[in-house]
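We have chain E; now place chain Z onto it with these hints.
2 protein chains.
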Amino acid sequence: MKVYEFNGFPNPARVRIALAEKGMTGRVQFVTVDVPNGEHRSPAFLAKNPSGAVPVLELDDGTCIAECTAITEYIDHADGNPILTGKTAKDRAVIHMMQRRAEAGLLDAVGTYFHHATPGLGPKLETYQCAEWGDHQKQRALAGMRYLDGVLAKQPYLAGQNFSMADITAFAGLGFADFAKIDIPAECSNLKAWRARVAERPSVKG
Amino acid sequence: MKVYEFNGFPNPARVRIALAEKGMTGRVQFVTVDVPNGEHRSPAFLAKNPSGAVPVLELDDGTCIAECTAITEYIDHADGNPILTGKTAKDRAVIHMMQRRAEAGLLDAVGTYFHHATPGLGPKLETYQCAEWGDHQKQRALAGMRYLDGVLAKQPYLAGQNFSMADITAFAGLGFADFAKIDIPAECSNLKAWRARVAERPSVKG
Numbered sequence: 000m001k002v003y004e005f006n007g008f009p010n011p012a013r014v015r016i017a018l019a020e021k022g023m024t025g026r027v028q029f030v031t032v033d034v035p036n037g038e039h040r041s042p043a044f045l046a047k048n049p050s051g052a053v054p055v056l057e058l059d060d061g062t063c064i065a066e067c068t069a070i071t072e073y074i075d076h077a078d079g080n081p082i083l084t085g086k087t088a089k090d091r092a093v094i095h096m097m098q099r100r101a102e103a104g105l106l107d108a109v110g111t112y113f114h115h116a117t118p119g120l121g122p123k124l125e126t127y128q129c130a131e132w133g134d135h136q137k138q139r140a141l142a143g144m145r146y147l148d149g150v151l152a153k154q155p156y157l158a159g160q161n162f163s164m165a166d167i168t169a170f171a172g173l174g175f176a177d178f179a180k181i182d183i184p185a186e187c188s189n190l191k192a193w194r195a196r197v198a199e200r201p202s203v204k205g
Numbered sequence: 000m001k002v003y004e005f006n007g008f009p010n011p012a013r014v015r016i017a018l019a020e021k022g023m024t025g026r027v028q029f030v031t032v033d034v035p036n037g038e039h040r041s042p043a044f045l046a047k048n049p050s051g052a053v054p055v056l057e058l059d060d061g062t063c064i065a066e067c068t069a070i071t072e073y074i075d076h077a078d079g080n081p082i083l084t085g086k087t088a089k090d091r092a093v094i095h096m097m098q099r100r101a102e103a104g105l106l107d108a109v110g111t112y113f114h115h116a117t118p119g120l121g122p123k124l125e126t127y128q129c130a131e132w133g134d135h136q137k138q139r140a141l142a143g144m145r146y147l148d149g150v151l152a153k154q155p156y157l158a159g160q161n162f163s164m165a166d167i168t169a170f171a172g173l174g175f176a177d178f179a180k181i182d183i184p185a186e187c188s189n190l191k192a193w194r195a196r197v198a199e200r201p202s203v204k205g
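From first to last, the protein sequence lines stand for chains E and Z. Following numbering that gives the first Met the number 0, the residues of the first sequence are numbered contiguously, the last one being 205. Following numbering that gives the first Met the number 0, the residues of the second sequence are numbered contiguously, the last one being 205.
Looking at chain E on its own, in the form it has when it is part of the complex:
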């Protein structure tokens, strides 16, 4: 298997953490896509992922899987423990729900702010920006942090008692927020404590 990515970017980080949780990192060849120089918009890469986003998981039969949730589904069903996407119908549903909330309400909101209301990746790559929408998404990201903080007041992880795909998404979202200079609201002590705890996992610490 190959993972096309740019190491350090928030979405590739999600896949690296999932692989490490499953003990599968050594089975993957990482291929750097030179995003800062626009390689993700080359015909060769667009053939792998028409949206031009990293990461992409390429299976040995040539099938290309984009979108982190989809890649995580593959990784989680390809091998043993821990289970990142749930076993029972209910566990799967709660994890996917919380994953989506962490994605839409934090990671993607931060990304939209970064790409639209800041210089983002620079004028060559940010060919369309809508600053008003970007600023609105910053507010959404802050609301997302407060929501996640409330969830973590009642349980250790976003989907309940166990670390899951939802935690990976939110953790990557906070990393992106740091990069985009969106601070976690001071009162979000549960979110900060959770983040410190997740940062100590071997899959994250490396």
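Just so you know, not all the hints are guaranteed correct.
If several chains are the same, the list does not tell them apart, and a pair holds so long as it fits within one copy or across any two.
In silico BS3-like pairs for lysine-lysine, Cα to Cα no more than 30 Å straight-line [claimed, not checked]:
#1 Lys-86 - Lys-180
#2 Lys-47 - Lys-191
#3 Lys-180 - Lys-153
#4 Lys-89 - Lys-21
In case anyone wonders, no lab produced these hints; they're calculated from the structure.
Positioned in the frame of chain E, the structure of chain Z alone reads:
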């Protein structure tokens, strides 16, 4: 189980189709949330789904599942055939990838256009609009239709040989596009043929 929804809206349609595909419709009590009069923003509904969106699946133990992908995961793992989210790791990954593309590139893009660049649900409910972003998302929806058309030139369904969650999302997205008066580009003959075929499924036809 209860499903809180507004019949005829695009996201509730996704859950209704999934339930019908699995033969589970009769096991669900549908509860109308009066979205046109703002009931989805009442404290009682926000306690079920903090984002205020319909549909929400409430399990018999009181657990509330929001987000259509999560609800579909529940439905698909609660009972037998057909399988809507895939069996093997690869099938699951491809279906989730195509579902996400249909969602972000079509259904959600149409929704953002509708809520931001048209009167949407009216001035009482559309309390923040960003018309520029809405218009941009209309272009994204049209590009999404062209992309899906290309996929369907090579295979009968969005994730391959079998109908899946990805088809449900795209079908609901086209229904929303009709409502928002975004026409399928004339040249998208594969997409139109696929739509006619899906519309004939008993789960859709009713």
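inquiry  = I want to check one pair: Lys-180 and Lys-153. Are their C-alpha atoms no more than 30 Å apart within a copy, between two copies, both, or neither?
reply    = within (28 Å within a copy, 44 Å between copies)
query = Between copies, within a copy, both or neither: which fits Lys-86 and Lys-180 at Cα up to 30 Å?
reply = Answer is neither: 37 Å inside a copy and 41 Å across each miss the 30 Å cutoff.
task = Tell me, please, which holds for Lys-89 and Lys-21 at an alpha-carbon limit of 30 Å: within, between, both or neither?
result = Intra 22 Å, inter 17 Å, cutoff 30 Å: intra and inter.
request  = First find the shortest C-alpha distance between Lys-47 and Lys-191 inside one copy, then the shortest across copies, and answer within, between, both or neither for a cut-off of 30 Å.
outcome  = The answer is between: 25 Å across copies meets 30 Å, while 37 Å in one copy does not.
Checked against the numbered hints above, the structure violates only hint 1.
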